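Top line first, the protein sequences correspond to chains V and R. Numbering follows our numbering, with no gaps: position 145 of the first sequence is 145. Numbering follows our numbering, with no gaps: position 179 of the second sequence is 179.
These are computed hints drawn from the structure, not numbers from a lab. Just so we're clear, the structure is a prediction, and the values are computed from it rather than from any experiment. Heads up, some of the hints might be wrong.
Unchecked claim - Pair by pair, the computed Cβ-Cβ distance ranges are:
no.	chain 1	residue 1	chain 2	residue 2	range
1	R	His156	V	Glu120	20 to 28 Å
2	V	Asp56	R	Asp53	20 to 28 Å
3	R	Gln40	V	Asp214	45 to 53 Å
4	R	Ser54	V	Lys94	41 to 49 Å
5	R	Asp204	V	Ala215	23 to 31 Å
6	V	Ser58	R	His199	40 to 48 Å
7	V	Glu120	R	Asp196	31 to 39 Å
8	R	Ser68	V	Ala165	27 to 35 Å
9	V	Met155	R	Asp214	25 to 33 Å
10	R	Asp196	V	Gly22	22 to 30 Å
11	V	Gly22	R	His171	44 to 52 Å
12	V	Arg184	R	Asp53	39 to 47 Å
13	V	Asp203	R	Tyr180	47 to 55 Å
14	V	Lys94	R	Gln40	30 to 38 Å
Unchecked claim - List time: in silico DSSO-like cross-link candidates among lysine-lysine, alpha-carbon distance up to 30 Å:
no.	chain 1	residue 1	chain 2	residue 2
15	V	Lys176	R	Lys135
16	V	Lys135	R	Lys213
17	V	Lys213	R	Lys213
Note that beta-carbon positions come from the ideal geometry of N, C-alpha and C, so glycine has one too.
Listed below are the residues making up each chain.
2 protein chains.
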Amino acid sequence: MKTINLLVGGPTDLWPDSLRQGKIDGDWIGVDRGNVWLVQMGIKPLISIGDFDSMDQSEFEIISNNVSDIRTYNPDKYYTDTQLALKIASDELKADVINIFSATGGRIDHFISNYLLATEPKFRDIVEKIRIIDKQNVIQYFTPGEHEITKIDMMHYLAFIPMNAMHLSIHDAVYKLDNYYVERPFAYSSNQFDGDKCHFDFDDGVLCVIQSKDA
Amino acid sequence: MKTINLLVGGPTDLWPDSLRQGKIDGDWIGVDRGNVWLVQMGIKPLISIGDFDSMDQSEFEIISNNVSDIRTYNPDKYYTDTQLALKIASDELKADVINIFSATGGRIDHFISNYLLATEPKFRDIVEKIRIIDKQNVIQYFTPGEHEITKIDMMHYLAFIPMNAMHLSIHDAVYKLDNYYVERPFAYSSNQFDGDKCHFDFDDGVLCVIQSKDA
Numbered sequence: 001m002k003t004i005n006l007l008v009g010g011p012t013d014l015w016p017d018s019l020r021q022g023k024i025d026g027d028w029i030g031v032d033r034g035n036v037w038l039v040q041m042g043i044k045p046l047i048s049i050g051d052f053d054s055m056d057q058s059e060f061e062i063i064s065n066n067v068s069d070i071r072t073y074n075p076d077k078y079y080t081d082t083q084l085a086l087k088i089a090s091d092e093l094k095a096d097v098i099n100i101f102s103a104t105g106g107r108i109d110h111f112i113s114n115y116l117l118a119t120e121p122k123f124r125d126i127v128e129k130i131r132i133i134d135k136q137n138v139i140q141y142f143t144p145g146e147h148e149i150t151k152i153d154m155m156h157y158l159a160f161i162p163m164n165a166m167h168l169s170i171h172d173a174v175y176k177l178d179n180y181y182v183e184r185p186f187a188y189s190s191n192q193f194d195g196d197k198c199h200f201d202f203d204d205g206v207l208c209v210i211q212s213k214d215a
Numbered sequence: 001m002k003t004i005n006l007l008v009g010g011p012t013d014l015w016p017d018s019l020r021q022g023k024i025d026g027d028w029i030g031v032d033r034g035n036v037w038l039v040q041m042g043i044k045p046l047i048s049i050g051d052f053d054s055m056d057q058s059e060f061e062i063i064s065n066n067v068s069d070i071r072t073y074n075p076d077k078y079y080t081d082t083q084l085a086l087k088i089a090s091d092e093l094k095a096d097v098i099n100i101f102s103a104t105g106g107r108i109d110h111f112i113s114n115y116l117l118a119t120e121p122k123f124r125d126i127v128e129k130i131r132i133i134d135k136q137n138v139i140q141y142f143t144p145g146e147h148e149i150t151k152i153d154m155m156h157y158l159a160f161i162p163m164n165a166m167h168l169s170i171h172d173a174v175y176k177l178d179n180y181y182v183e184r185p186f187a188y189s190s191n192q193f194d195g196d197k198c199h200f201d202f203d204d205g206v207l208c209v210i211q212s213k214d215a
């Protein structure tokens, strides 16, 4: 399993402790200001992506002195810089798992943009690789079929969020569903594992699953 | 214009300064722990809603000593406590504007649940009254037709997020759209007002509009 981590330019206050302590496995791609933070933590990203316009000269020097592969990129209507980083992690670096950090909190339009990535056809093949992570939440996405997920340590709650109409079954959690027809995007929150594993299946589109904990 | 404010039980760290300083106009409904914070700020909510199970005796006493209308409510499959507060603000208190505070940050399943409220048919008649507010974001919802919005002081960015397929026109912002067919929920972020007002129209479902600022 090859893991690539993305550190994007959102707020730093929702980072999980493991990120702050430098305990995340895998290589890194930095996006915009994420690159500065990575280098300051002693992590050299494999690739730095960004338009770098919002940085001052000293910040850009931190990056250019520490990263051999810098890709200056102006966001266009086809890909945002986070989307480009995802594409590189998957197509070029052949990642099996892509963790995205610093993508929550702050501007909600940015978060919703990242949250909805998984519904875009151009990312359909890689949605199961994506995890958006902060200190209270791990967000994953699934495509139709049968799935098994494992409880993440300390994460107490389990939410199922159909991103579209679908028939959904949740086989083994505190609240179960049996081939239930969900008409539109909806958040089934505050479910819980009743063991270490949960099995579920659905028939269309994308299902978002969030494991979370209280503060 | 009658404004009713809801303080729900989410994180307090994303409150706008105006809330912390007690400068929000209108009466209040408290939901769960939001009631404790209101009383501690010297605000007596008109109505307190919650299951109050997660509170200790001293917290509940703070509420019962200060609020005459306490409605103990166990969330059911039809309404969450926040949804019930919305319904009371609209149906019973006849609010024209319903501001929701403390509904962002923390558990993302809770936020998505609040964010998707506007797509539920049972709330379709009141979605234009709802605003979800934190220190960097004001989220509003609109139903089909022509609309005018006014720039909120200090809010630099303007995002349009169709919650479903629709034809969308943005008449006067930095990035315009002319009867553009949007196939699925998508976040058009980082647009900006080019004056004090922005006019837009669309033909189906619900459109989310977010005014936001950087930290």
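(request) Go ahead and decide if the range 40 to 48 Å is satisfied by the Cβ distance of V:Ser58 to R:His199. (result) holds, 43 Å
(request) Could you see if the CB distance from R:Ser68 to V:Ala165 stays within 27 to 35 Å? (result) Given range 27 to 35 Å: violated, Cβ gap about 44 Å.
(message) Against the range 31 to 39 Å, how does the distance between the Cβ atoms of V:Glu120 and R:Asp196 compare: consistent or not?
(response) holds, 33 Å
(message) For the hint 23 to 31 Å, verify it against the beta carbon of R:Asp204 and that of V:Ala215.
(response) At 38 Å between Cβs, range violated.
(request) Can you let me know if the beta-carbon spacing of R:His156 and V:Glu120 is within 20 to 28 Å? (result) At roughly 26 Å between Cβ atoms, V:Glu120 and R:His156 fall inside 20 to 28 Å, so the hint holds.
(message) Please check whether R:Gln40 and V:Asp214 have a Cβ separation lying inside 45 to 53 Å.
(response) violated, 20 Å
(request) Hint says 39 to 47 Å; check whether the CB-CB distance for V:Arg184 and R:Asp53 agrees. (result) Given range 39 to 47 Å: violated, Cβ gap about 30 Å.
(message) Tell me if the straight-line CA distance from V:Lys213 to R:Lys213 falls inside 30 Å.
(response) With Cα atoms ~27 Å apart, V:Lys213 and R:Lys213 stay inside 30 Å; holds.
(request) With respect to the beta-carbon atoms only, verify the hint that V:Gly22 and R:His171 lie 44 to 52 Å apart. (result) holds, 49 Å
(request) Could you check the hint for me, namely that R:Ser54 and V:Lys94 are 41 to 49 Å apart, CB to CB? (result) holds, 46 Å
(message) Does the beta carbon distance between V:Asp56 and R:Asp53 stay inside 20 to 28 Å, or does it fall outside?
(response) Distance hint for V:Asp56, R:Asp53 is violated at roughly 51 Å.
(message) If I claimed the Cβ atoms of V:Lys94 and R:Gln40 lie 30 to 38 Å apart, would that claim hold in this structure?
(response) violated, 53 Å
In this structure, the earlier hints numbered 2, 3, 5, 8, 10, 12, 13, 14 and 15 are contradicted, and the remaining ones agree with it.
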